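Student: Please work from the sequences and hints to get the whole structure.
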Amino acid sequence: MAGVMKRRLVQAAAALAGLLLGGTLAATVWAQQLVADLSSHLIAITTGFTGTEVVLFGTTDGAGDVAIVVTGPRAPATVRRKQRVAGMWMNTDSLRFDQVPSFYTVAVSRPLDQLVGRPVLERHQLGLPQLQLPVDTALPPEELAAYRSALIRNKQRQGLYAISMGQVAFLGERLFRTNIYFPANVPTGLYNVEALLIRDGEVVSAQTTPLVVSKIGFSAEVSDFARNRPVVYGVAAVLGAIAAGWAAGAAFRRV
Amino acid sequence: MQVYLPIAEMSVNALLVLGMGWLVGFLSGMFGVGGGFLMTPLLIFIGVPPAIAVGTQANQLVAASVSGVLAHWRRGNVDVKLGVVMLGGGVLGTAVGVWIFGILQRLGQIDIAITLSYVFFLGTIGGMMLVESSRAILRRRAPTAKRGKLHRHIWLHGLPFKMRFQRSKLYISALLPAGIGVVGGMLVAIMGIGGGFLLVPAMIYLLNMPAGLVAGTSLFQIIFTTAAATMLQAATNQTVDAMLALLLLIGGVIGAQFGTKAGTRLRGETARLALSLIVVGVALKLAFDLFSRPDDLYTLTMGLR
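Protein sequence lines, in the order shown, are assigned to chains A and B. The first sequence begins at 1 in this note's numbering and counts up by one. The second sequence begins at 1 in this note's numbering and counts up by one.
In short, the hints are calculated from the structure, not lab data. Being a predicted model, the structure only gives us computed values, none of them experimental. By construction, the Cβ of each residue, glycine as well, lies at the ideal position given by its N, Cα and C atoms. Fair warning: there could be bad hints in the mix.
Among chain A residues calculated to face chain B with C-beta under 8 Å, some are [stated by the list, open to error]:
(1) Thr50
(2) Ala75
(3) Pro76
(4) Ala77
(5) Thr78
(6) Val79
(7) Ala150
(8) Leu151
(9) Lys155
(10) Ser223
(11) Ala226
(12) Tyr233
(13) Gly234
(14) Ile242
(15) Trp246
(16) Ala248
Tutor: The following block contains the structure:
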């Protein structure tokens, strides 16, 4: 009896809150429709790092589809095009993109074209064709498209942009999970993992979870050292090499 | 066993890199060259960015030339005075080379510059060695052939700033060894090689140095140019991966010991012929890549570079 009473009280309170606050706090109510989290919020790149998998799991408040967008830190990037010059293939033209995600992958519970229309795909940058890659130079559309697809193709070859969409699996109606794979060459930085709940062709709820990819231990110390004190690092590298060469020469002297 | 390279930001198979170090060390021990010209293309082949391959290779060569010079030092086969003069040019050349490297990197032309320098230098030197060693082998079979003149006086010997090098029994312009040093230093910075394959013939044919002193003296100055290149690459381009250098070093040192023993069983001209075939082979492979259509005409560089 007490349990039923309690649940009713909660439902009543929620209904009341919904009535009172109405649209002004819509986002708060939205957030409760979808809750998601990662099995780990830190990917540690150690000396033995060969890539890793992170599990994203969550629950919805009812039927619906889920899309997960993982975006790595954005950075400028240059795409260069080779042409034949005196018989040799060399870089002749280039295009600079301002804000290129270093990593990008999408996982969905059903093919996206069955779920939402183009405007929604574009608004949430769902899928590689919708990924926004701004440039600072004016170019004919077909040129721009060639550079853009080259950027995506190169990223896919490096394993940093997914070639196909991942699968979000539902366990029952509300519980979902998906595995996100990060290869050994994953760029470091702050990642955004966005979970979207889709109902009737609209995104009705969204939640963003941060994920940090960072070098840890020896490899972190080496790269921090190299970046922060480059001159001292150079001296240390030379001294280390001299010591190693000397030791080797001495060790093999009588062999 | 996979090992993560902190500067290259990639994971490589440690045994593969050790094996590469061993193989190049073996060849360098056998032929008495640094082997950088083989290592840099191999590193690029397994996916190490060219800039990091070059910077790291310079670091590895410091160790290789230190261990190499010790043996020559004990036998007194190092002309320190001449080495120091070459070194003056070498450090200048390295600084200029690192500066050019940075500019080419920003222009997006560093890859083709590295490849072109390889094709040019390896092709020229390898071709000359090939001709010279096959002639020597033919001459051995026909012992009646005449010997050439021991010393030819060319315009190079008329340059100013003459200096006396007692150890090498030479009285030549200091500009000559310094100029050779400049070229060697630029090669270290741009190609990631010690430049021994260029320095050794230059010292023999241009300076007329006694052959016994050449290897030790060139290694002596390579220690300093590679050390300068390592420091400059680390400070300006941040392209020295200590982890990768360590792996190459371990493999290289062990390989060199085996190579030196194998080398003692080879005749001089046979060894030179074999080496020239390898050098020409690498040059031809790189030239072929330069002229054949790449799989993807577009390349991507992240970051500001």
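Student: Hints first: check each against the structure and report whether it holds.
Tutor: Taking the hints in turn, this is what the structure says about them:
With its C-beta approaching chain B no nearer than about 5 Å, Thr50 (chain A) sits inside the 8 Å limit, and its interface hint holds. Checking Ala75 (chain A) against chain B: minimum C-beta separation of about 6 Å stays under 8 Å; hint holds. For the restraint placing Pro76 (chain A) at the interface with chain B, the shortest Cβ-Cβ distance is roughly 6 Å, inside the 8 Å limit, so the hint holds. Evaluation of the Ala77 (chain A) hint against chain B yields a held restraint, the C-beta minimum of about 5 Å falling below 8 Å.
Among the interface hints, the one on Thr78 (chain A) holds; its C-beta lies about 5 Å from the nearest C-beta in chain B, closer than the 8 Å criterion. The beta carbon of Val79 (chain A) comes within 5 Å of a beta carbon in chain B, closer than 8 Å, and the hint placing it at the interface holds. With a cut of 8 Å, the hint placing Ala150 (chain A) at the interface with chain B holds, because the nearest CB-to-CB distance is about 3 Å. A least Cβ separation of about 6 Å between Leu151 (chain A) and chain B falls short of the 8 Å threshold, and the interface hint therefore holds.
The restraint placing Lys155 (chain A) at the interface with chain B holds, with a minimum CB-CB distance near 7 Å, inside the 8 Å limit. The beta carbon of Ser223 (chain A) comes within 4 Å of a beta carbon in chain B, closer than 8 Å, and the hint placing it at the interface holds. Look at Ala226 (chain A): its Cβ gets to within about 6 Å of chain B, closer than 8 Å, so that hint holds up. A cut of 8 Å between beta carbons decides the hint on Tyr233 (chain A): the least distance to chain B is about 5 Å, and the hint holds.
Below 8 Å, beta-carbon pairs count as interface contacts, and Gly234 (chain A) has one with chain B at about 3 Å; its hint therefore holds. At about 5 Å, the closest approach between the beta carbon of Ile242 (chain A) and any beta carbon in chain B falls short of 8 Å, and the interface hint on this residue holds. Residue-level restraint check for Trp246 (chain A) holds (minimum Cβ-Cβ distance to chain B is 6 Å; threshold 8 Å). For Ala248 (chain A), the shortest C-beta to C-beta distance to chain B is roughly 4 Å, which falls under 8 Å, so the interface hint holds.
Violated hints: none; the structure is consistent with every hint.
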